[in-house]
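Asks: Throw the hints in and build the complete structure from the sequences for me.
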Amino acid sequence: MKERYFLYDDIENTKTRFVSFVGENQRYDLAIVQTDRHYGKSLVLNMQGNRFAIIGQDDLEEEGYLEYAFQLTEEEAEELKSFLMEII
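Quick note on numbering that gives the first Met the number 0: the sequence shown kicks off at 0 and runs consecutively.
The hints are simulated quantities; they were obtained by calculation from the structure and are not laboratory data.
Any given hint could be a false lead.
To be verified - Straight-line distance between alpha carbons at most 30 Å, and here's what the computed DSBU-like set of lysine-lysine pairs gives:
| # | residue 1 | residue 2 |
| --- | --- | --- |
| 1 | Lys-40 | Lys-14 |
| 2 | Lys-80 | Lys-40 |
| 3 | Lys-80 | Lys-14 |
Replies: Structure below.
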């Protein structure tokens with residue numbers, strides 16, 4: 000058996016928030032993980048759609064980013080963006 004070569008293997012304390020809300024277009028079940036690992040950005044997991052992204056304020060301002068990352072329509076992405084702008 001070959002020896003495993005790790006690029007990194009760190010353990011870090013995180014703050015995780017689980018939130019569920021219903022927008023005009025769909026339900027959102029999210030886990031938002033805050034850690035020092037991603038330069039102040041949060042790891043946002045959409046448990047309904049099995050998608051995730053590392054998101055910071057700059058990503059929320061980038062046109063089309065949420066649509067691409069979470070496979071959402073423009074209207075759905077606007078609902079999600081509205082919520083994430085409050086917490087990120």
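Asks: Could you tell me which of the numbered hints above are not met by this structure, giving the numbers in increasing order?
Replies: Structure breaks no hint.
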